[in-house]
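**Q** Sequence:
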Amino acid sequence: MTRIERLLPIILSLLLPGLSIISNRGDLNLIQAFPKYLVSVLFLYSIWRLNDYPFKHPSWFIFRVGETKMVKALMVLINVVYITFFLVLDYFLLPSWLSLSSTVPIWVVAARLTMASLVFAVFQQALRMTKQQESLYTQNLLLQTEKLKSELETMKQQINPHFLFNSLNTLIDLIEDDQKKAVGFVRVFSNLYRVVLQSSRRDFVFLEDELTFLNDYWELLKIRFNGAVHLEVNIPDEMSKVLIPPLSLQLLIENAVKHNQATNENPLRIEIFETKNTLVIQNNINPKPFVSYSEGLGLVNLQKRFSLLVAPIEYGENEDLFRVILPLKRNSHELQD
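So the sequence shown is numbered by the numbering used here: it starts at 1481 and just counts up by one.
Hints were generated in silico from the structure; no laboratory data involved.
Quick caveat, the model's predicted, so the values are computed rather than measured.
Incorrect hints may have been included.
Stated by the list, open to error - Using 25 angstroms as the maximum straight-line C-alpha spacing, the simulated DSS-like pairs for lysine-lysine come out as follows:
1) 1784 <-> 1809
2) 1738 <-> 1661
3) 1738 <-> 1756
4) 1756 <-> 1721
5) 1702 <-> 1661
6) 1738 <-> 1702
7) 1660 <-> 1738
8) 1768 <-> 1702
9) 1660 <-> 1702
10) 1661 <-> 1721
11) 1661 <-> 1768
12) 1809 <-> 1738
13) 1702 <-> 1756
14) 1809 <-> 1721
15) 1738 <-> 1768
Unchecked claim - Simulated restraints, written as ranges between beta carbons of each label pair:
16) 1696 <-> 1803: 23 to 29 angstroms
17) 1561 <-> 1787: 55 to 61 angstroms
18) 1655 <-> 1696: 45 to 51 angstroms
19) 1484 <-> 1713: 56 to 62 angstroms
20) 1586 <-> 1611: 17 to 23 angstroms
21) 1799 <-> 1696: 29 to 35 angstroms
22) 1766 <-> 1656: 19 to 25 angstroms
23) 1696 <-> 1741: 23 to 29 angstroms
24) 1553 <-> 1592: 20 to 26 angstroms
For glycine and all other residues, C-beta sits at the position ideal for the given N, C-alpha and C.
Full structure from sequences and hints, please.
**A** See the structure below:
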């Protein structure tokens, strides 16, 4: 229960009878009116609690959606019965120094109590609607958070098979061309895949760890292309502790290799450098005439992960270069296992 919910019935119960006394202060003795004031306060506070009771104990009063109008009619009837009971008690049983009807006609007392009851009903309905809106807003936020978490987990789960399938395709090509290279590839790949399994459980890794993994992955490419692919990394040491979603650089290198030809005469050149708190990965464009089957998860996966965790990435062609710009995160508290 919020502070407003606790204080509002008390304030209204004290205020409404007080306004009545102030409006009649020329005709009433305040000392004589005080006991009647207390009776009015107690009645108003009790009727607030009476109206609030079914909503404070929902497990005792379970109503279906279609019964809403019936519930409201029932609450009105309960208020009428309660006011009638109080009027009978006031008129016949209470002494004159306590009775509200001892100084004004009984119908005036009934009208005042009915009006006060209506005022209370309006305030209580407004409070309930506010709480319902807050509850719906909170539930909506929780649902959105769970949805984003689910989407992120889906993206992370796609990393492992994506890396595995592409590496196996590379291995198949190597087996057909050079079995010795294929053996070396498998040895390096087994160590890399262990790192992939560990990294894919995280939202972020340090950039220095990502670069270490990239260097190991580069060993696979050198085995496959034998000098036809060149990589140049130019990142200052102070950037080593910034954060990046895992396997981002490997995915972009893999994407460049998949879509471009690489020969000793016309090598594929890939550059990675930092500018304005972003990481730029670019390669020269030398498209293959035919690209083997791809599920298209690479760049799409990366875009979704960055959108959920950091900010959207930028990519596109610039003259004879394909460039991807990755936003970076500097808050080390975001590093999670």
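**Q** Compare the structure with each hint and give your call.
**A** Hint by hint, here is what the structure shows:
no., hint, verdict
1, 1784 <-> 1809, "holds (16 angstroms)"
2, 1738 <-> 1661, "holds (19 angstroms)"
3, 1738 <-> 1756, "violated (29 angstroms)"
4, 1756 <-> 1721, "holds (16 angstroms)"
5, 1702 <-> 1661, "holds (10 angstroms)"
6, 1738 <-> 1702, "holds (15 angstroms)"
7, 1660 <-> 1738, "holds (22 angstroms)"
8, 1768 <-> 1702, "holds (19 angstroms)"
9, 1660 <-> 1702, "holds (13 angstroms)"
10, 1661 <-> 1721, "violated (35 angstroms)"
11, 1661 <-> 1768, "holds (23 angstroms)"
12, 1809 <-> 1738, "violated (28 angstroms)"
13, 1702 <-> 1756, "violated (31 angstroms)"
14, 1809 <-> 1721, "holds (9 angstroms)"
15, 1738 <-> 1768, "holds (8 angstroms)"
16, 1696 <-> 1803: 23 to 29 angstroms, "holds (24 angstroms)"
17, 1561 <-> 1787: 55 to 61 angstroms, "holds (59 angstroms)"
18, 1655 <-> 1696: 45 to 51 angstroms, "violated (21 angstroms)"
19, 1484 <-> 1713: 56 to 62 angstroms, "holds (59 angstroms)"
20, 1586 <-> 1611: 17 to 23 angstroms, "violated (37 angstroms)"
21, 1799 <-> 1696: 29 to 35 angstroms, "holds (32 angstroms)"
22, 1766 <-> 1656: 19 to 25 angstroms, "holds (23 angstroms)"
23, 1696 <-> 1741: 23 to 29 angstroms, "holds (24 angstroms)"
24, 1553 <-> 1592: 20 to 26 angstroms, "holds (23 angstroms)"
Against the hints set out earlier in the document, violations occur for numbers 3, 10, 12, 13, 18, 20.
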